[in-house]
Structure formats: C-alpha cells, structure tokens
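*Asks:* Starting from the known structure of chain A, arrange chains B and C on it as the hints suggest.
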Amino acid sequence: MSSWEVKTIAQRAAEAMPESVLAGAGYVLLAVGFAAAFMALMGMALIYAERKVAAHFQCRLGPMRVGPHGIFQTVADTIKLLFKEDIVPSQSDKLLHLFAPYLSMMATLLALLVLPMSPVVQIADMNIGVLYVTAVTGFGVLGVLLAGWSSNNKWSLLGAMRAGAQIISYEVSATMALLVVVMFSGSMQLSKIVESQAEGWWIWRAPVIGLVSFVIFLIASLAEISRTPFDLPEGESELTAGFHTEYSGLRFAMFFLAEFINMFIVAGMAATLFLGGWMPFHIGGFDTFNSVMDLLPPGAWFSLKSGLVVFLIMWFRWTFPRLRVDQLMKLEWKILLPIGFVNLFAAAASVVFGWYFFPIR
Amino acid sequence: MSAITVTSLDERIRRSIGADGGASTTQEYFVNMGPQHPSTHGVLRLVLKLDGENVREVIPVLGYIHRGVEKMGEHLSYRQFVHLTDRLDYLSALANNWAVAKAVEKAANIETNERIETIRTIVAELQRIASHQLWWGVFGMDLGAFTPFLYGFRDREKISDILEETIGARLTMNYIQPGGVMFDIHPDFQRKVKEFLTYFRPKLEEYETLLTQNVIVQERMRGVGVLTAEKAVSMGATGPVLRASGVAHDLRRSEPYGVYAKAAFDVPVGRNGDCWDRYWVRIEEIRQSMRIIEQLIDNIPEGKHLVVKPAVRTKVPEGIHYSQVETARGIFGVMLVSDGKDVPYRIHVRTPNFNNLWTVTETAPGWRVADLVTIISSLDIVVPDIDR
Amino acid sequence: MEANELISTVQSLEPAATLRDKVDRPAMSVPKESVPALMRRLRDEPALSFDMLCAHTAIDWHNENRIELVYQLYSTKHRHYLAVFVSLLRDMPVVTSVSDVWRIAEWQEREVYDMFGVLYRSHPDLRRILLDDDWKGFPLRKDYKDEFMLEAPK
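Residue numbers (the working numbering), protein chains in the order written: chain A, 1 to 361; chain B, 1001 to 1388; chain C, 2001 to 2154.
Looking at chain A on its own, in the form it has when it is part of the complex (with noise of 0.2 Å):
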C-alpha cells in the first residue's frame, strides 16, 4: 500500500493555495460539495435501510411501491421534505431556532471530513484526527441544546437536556474507548491507525482490550448518536418528537439527516478504529492468505465493515427498548466509565510489555 502516492484533496488544496488562489479555493469547493453529496446520498441510502431493515424484523416489507422495492421511496420523501412549510412557532427565539438544524448539520459534516473511507477517498487526513472527530462531533450537541431550548416548548427542553446530559456524559466513555487504539498504534492519524492494523485489527489483535474498548465505544456513541436503546432525547413515546417536536419541513430533514450520517460516522469510526478501516483482513505472517485478501478493493472492505456495523446499530433499535434517564447515567458513570479506565490501563500495560496475538514489527 505503501507505493501508492496519497495525496488528500486537503493536501492538494494546501499545496495549491501558495500558487493560486482559485485553485486552492477550487479544491476547497470540490471537497464540501464531495461531502456534502456524500452526504444527501449516504442519508438517502441508510434511511432506505433503515426502513428495509425494520420492515424485515418485523416481518413486513417496508417501501415497495416507488421503484423496484421502493428503492425511490426516500427520494420522494426527501422531495416531500423539501417542499413542506417551515414552521416556525411565533413564540420561539426565532434566529436560533432557525440557526439550530445548521449547527446540528455541520457537526456532521466536519466530522466526516477526515473519515479514510480507502486509501485515495479521504478528504483531510490530519495528524490529530482522532481529537478532531470528538471535538467536532461534541459540537453537535450544540444544535440539540439550541434546538429544544429556541423552540419554547417544554417537551422539547426536556429533550434538549436529556440530549446535553447524555451526550457530554458518553463522550467520556467513548474517548476513554478511543485513546485505547490511540496508544496501541501510536498515532491519532486515522491513516496511520489504518495502517498499523495491517496485521491485525485492533479488535482482536490485542487480547479482550480490543474488543472491550470496541464494545465501550459502540454503547458509548450508540448514546451519542441518540439512538435505540438510547433515544432519550427524541424519545417519542415521552415527548413526543423531544427536541425537534416544533421542526418541519427542511430543517427537520436537517436534524433527520444529520442523525442517520451520524450513524454512519460512528460506523465508519468504529470500523477505521477497530476493524481496520479499508485494511483487507490480514494475519500477520500468512503471506498467501493476506494477498487473497488483497484482491477485494479497499473501499469495499471499509463499506464492508462499516455496513456490518451501521447493520448491528440498526439490529439494536428494532430489538431493544429505552432506558430511562437515571439509569442512563448510572450506566455511563457506575458501569461503562470504571470499566473504560481499567481497560485503559491495561492496555497501556500491554503496550508497554508487548502483549498482543500479532506483535509490531
């Protein structure tokens, strides 16, 4: 992989930039409009199956009449969305009310900036990318608290708490997860984390440390992401819609479409962390059976694993009831946090003697 020249269209907008102006600005442009494409598609497609999936669990079909298997029906919807009326409560901070979705939005898209989705597709490959996706997805909560606080509606507020609470709470948990691989790789590039599991991924290759800090980041951003058995903030059995109760139209498109790429973020993180990102699958020392491996394009390991994940994050919402607010957080600070730190520490303890199944070269 090595012999590849990888040059990040941020790398080629930094060195444009000293030359030319416009040529810089044009990689800049060409990235947020990749992002932002990426986006609306990817959103398209994982609410589709989102829907296919629910509908198979429960033993109904989903959307089958727009296009084969309803495969248009989302673009309908979105189509809908778009042309429904923006409702905007006449009692509501309005600037904020209308500024919220954005914020919520743009978390989002930030974060997936830096995703290494294959080798060649990765739109900004930074030396702290890990710190980078918490910060900016810690961000999002931001929109959340706007959102339920602009709207003046009680319901919304409650949901807007629980949503601030939940979120800082798990973020603790979730870096706690991530600073695992971080030590073990010895880098928080997402690029060179990806490359250090050549021969192995980190889910396995260090014995249960792997795998439990894997488990820790997927409840974790399970509850950052707001969703099933986590949905407290929506939770519309409660209140009603939470904090986009008094959204329409676009802008609850926004929050609706952040949601779902979210997950697919979280999917993408946990597959770049622990499942090795594009990496195919490979044992160190078995030559033969790695370059069978290789056959399969990058990219289509990473859709592979991320895919298998965002299937597991959706196989829990259509199983799994909500926890209450209490119990949320006693399972965050009494359960998921002890054991965060403990895994921690015995990770730094295997990276220090060496204990893996596949040792570093």
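By construction, these hints were calculated from the structure, which means they are not laboratory data.
Every residue gets a Cβ at the ideal spot worked out from N, C-alpha and C, and that includes glycine.
One thing to keep in mind: the hints can contain errors.
What the hints assert, rightly or not - Anything over 10 Å on all C-beta distances counts as not near chain C; from chain B, calculated:
| id | residue |
| --- | --- |
| 1 | Thr1026 |
| 2 | Pro1035 |
| 3 | Glu1219 |
Stated by the list, open to error - Only some residues are given here: those of chain C computed to face chain B with a beta carbon under 10 Å:
| id | residue |
| --- | --- |
| 4 | Ile2059 |
| 5 | Ala2083 |
| 6 | Asp2125 |
| 7 | Lys2136 |
| 8 | Glu2147 |
*Replies:* Using the frame of chain A, we list chains B and C on its own:
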C-alpha cells in the same frame, strides 16, 4: 350550601403550585401530556406537575370524547343499546355486549341454552387474547421498542380474521345480544380456532424472548408504580391491575357466568403491584384464556344460537337490574333501571378504565416522565371507555 | 353472607335503613344524614368489610322530585354485594362525600355532580369531570335540554 364550592381545572392547577411543601428541588412547572400525545392512547389529557424530570402530581383531565352514552341509552331500546357498548371499550366489545345481554336476560327471565353460553365464552376469551396482544405491542412501543407492536398486531390479525368470519366485523362486534348470539358460528370456526392455538403458543414464547426477558424491560418495570392491594381496592381498580396487586378478584372465578364454571383455569395474581406484575399477569392471562378455549372448543353443544325472536322492543320488568362481566381490563358493569317500558329509564355503565385510571394519581408521583408512560401503559387504558 | 343476614346486620348499624325492593341484589335505602358514618362502618365492620365501591351513580326520579343515589358496594374479602340507596331532594341535592372512605369515590362523585348536579359536602376537589368546566346544566337529569339535543323518536 355555601360551604360547597365547585372549582375548575385552572383553580385545581393553581392550588397545586407549591403544594408539596418544598419537596421540589427545582422550580416546578406544568406540562400538558395530551390530549394529543403518543402514549396516552387516544385523547386523554394529563396535566403533570414536574420537577425537572420527576413527576410531582398528575391531574387527569377527562371527557375529550365523552359521547353521552348513558343519555343516549335512555332513548334506545335494550337491544339497540348493546350496539353502543362496543364503542366503549372497543377491545372488549364482546364482553361489553355480554354484560348488557346478561342484565336483560336476568331481568326478562330469558333462559339461554348451553350452546349460546359456550359460544359467548369462547369468543369473549378470544377477544381477551386479542386485547392483551394489542396491549403487549403497545406496551413495548411505549417503552421505546417498536417491533413488539408489529408482532402483537400480526397475531391479533389471526383472531380478527376468525371473529370476522363468524361475526362479520373486526372491531365493533355486535355479536352477543339478549337471548343469544347474532349468528351461529361459521363452519370453519372450530378448526380455525384450534389452528390459531397451535400457531400462537410458540409465538407467545417469542413474545417472552423479545420483551419479557430483555434486561432493559425488566429494569424499566420492576418496582415502578407500585400499587398496594389496599389502595388498589380502595381506588376501585379491577381486572389485571387489581390482581397484580395481589387481590384474586376475578368474576369468572368468584361468580362464574357463561360456562366458566366448567373450564379449569388459574387466576394469575401478582405480588407487588408494580408494572412488572401487571405485565406478568396479562401475559399469564393469555395462557389461561388459551386453556379455557382449548377445553371448550371441542365441546360446543348442539342447539339454537338464539332462543328468543330478535325483537327490538323487548320489555323489561320494573326494577333495578345489575350485571357485570370481567373484560380484558376489569369489571364492566351495567345497571338497568327499568320502569317496565321497552326503553330503560336510566342506564349506567361502570367501566373498568374510568376506575383504573384513577390509580395513576397515586402511583405516578415520585417517578419520572418515562415511568409515567410505563405506568399508564401498564394500566392498559382505552380512552372511549373512560369518557363514555 | 346471606342476603337477609346482610340486611339485618346493616339495620343493626343504622335503624333507619329500610329495604329497597325491586333490586336484584341486597339493597337498602338509608337517610342521607347517615351516609358518611354508615359507609365508614360498612367498610370497617369485619363481618361486612365492604372495601370496594364498585360504582356510584344516581337516578333522577323527576316525577317524584327526588334524586336517588346508588352506592354499589362489594367486599373482596367476603365476596358479597350491597346496594345502598340514598334519596335526595331534586331541588337541593346535597350529601356528604364518602371520598375519605373509598378513594375512588372522589372521581365517581365528581361524575355524579357532573351529570346530576349533586353537591358533595367536604369533597376534596369538586368539579366537573367529563364535561367542560363552563358547561350549563346537568345532562342526565330528565328535564335537561340544550340546543344540540334532538327530540327522542316517538
């Protein structure tokens, strides 16, 4: 006279502000849960006094779909009134019909035969299963799990199909009437019911795997919304809500009507009166209902399905006649006050949900909003039955 | 407890109680003054222990100018029933609330107030329950009329 003042809802809410003597840790506020809310199962409105997420007080506001059934009943003949009862608790339509039919039969001295009573018992039990299936699905949904809803409806559909074949309706079934049942059972009825029983038994186990054994569900239900036996009785709770609190009061057992006396079945009784017990009692009741049907389905005696001519103007002797049946939600009672005419002088229906809902004011305070949803759902309310 | 035994027990508690006939279960008519005290004793007397108020409603006998309250009592312990009837003047229907004897009475009495205009002394929260707070009249009274009502078909 002057001492008695009639207050209003506004006054009631005003009185509630600061009434708990500083138990609240934050500024308390009021929210309307309903009349349009996903988990009030219709147009029920609860005014909640909240302290953050904690419920301090619940003020139910009823009557959004009050239709004046009792007033209407004063202008309808007895047989016509039967048709109103299945608009009350639409999930126990047959049991409700039965209550009126029983009252009229007792008053007018109509002797039904064994076949009629067996058919009535079987269809009422089938509908009890259907009602509990629907409740189970909705309960799952109120806890945030969507899939049970579809599963519950999938299996309820089978019962709806069976009943539709015989009765001709899927929801408002005017089947049981004074002096018999409207139509004889469909030739396929017995076979299909038996098929359903063999189909549904493994599905019930699936229900248990999907929801009952889920650790989150158990966490959400155990110890939540405890209703002690004493309070349950004093608050007039009946049906599974009462039995979950440990009072084994089931009309099918204590004063058997129909052919319940011939069938062997257990009355499931809870221990703590929390949401978990109410859940368990209903799941167990499904099993018992299946047992009852199993014993009766092969033993439907021959006979007529209607012993009197279906006359609209049945005259009922003067007096007060009372009858009650055990519906899926509790005791449904009908009091007929007759002055000897073919229309009742006054008709009163005692609906289980009206009384069961009242317990929420006792069980919910101190719990969180999410628990309130669980508690309401565990009461299994049907709003038209409350508002009448 | 057998019906006649039940009735004699109630009569020993309240001598003014008379048998109410034309009811298909043990039924007593009692004067309205005795309501809260008698009801409490009906609940507390171990041989009776009527711990559940199944239903509470009223009948408007408007030709006789009285409203008759009905208390349907049940004992979960002894599994027997008793119906207690109380006659009130139609023009001034006032009775003392039994909501401190059975909790459910609070709602059932509110409904009777809502439908018949019976006023309950010392009721904790007397207001309409099914109809709006500003509703005029009491619909289940026989002479109730409003602009929405249709004439009964002859």
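*Asks:* Does each hint fit the structure? Answer for all of them.
*Replies:* Hints, verified against the model:
1. Thr1026: 26 Å, holds
2. Pro1035: 13 Å, holds
3. Glu1219: 30 Å, holds
4. Ile2059: 5 Å, holds
5. Ala2083: It holds, given that the least Cβ distance between C:Ala2083 and chain B is near 7 Å, below 10 Å.
6. Asp2125: Holds: closest Cβ of chain B sits about 6 Å from C:Asp2125, inside 10 Å.
7. Lys2136: At about 13 Å, which exceeds the 10 Å cut-off, the nearest Cβ of chain B leaves the hint on C:Lys2136 violated.
8. Glu2147: Violated, about 15 Å.
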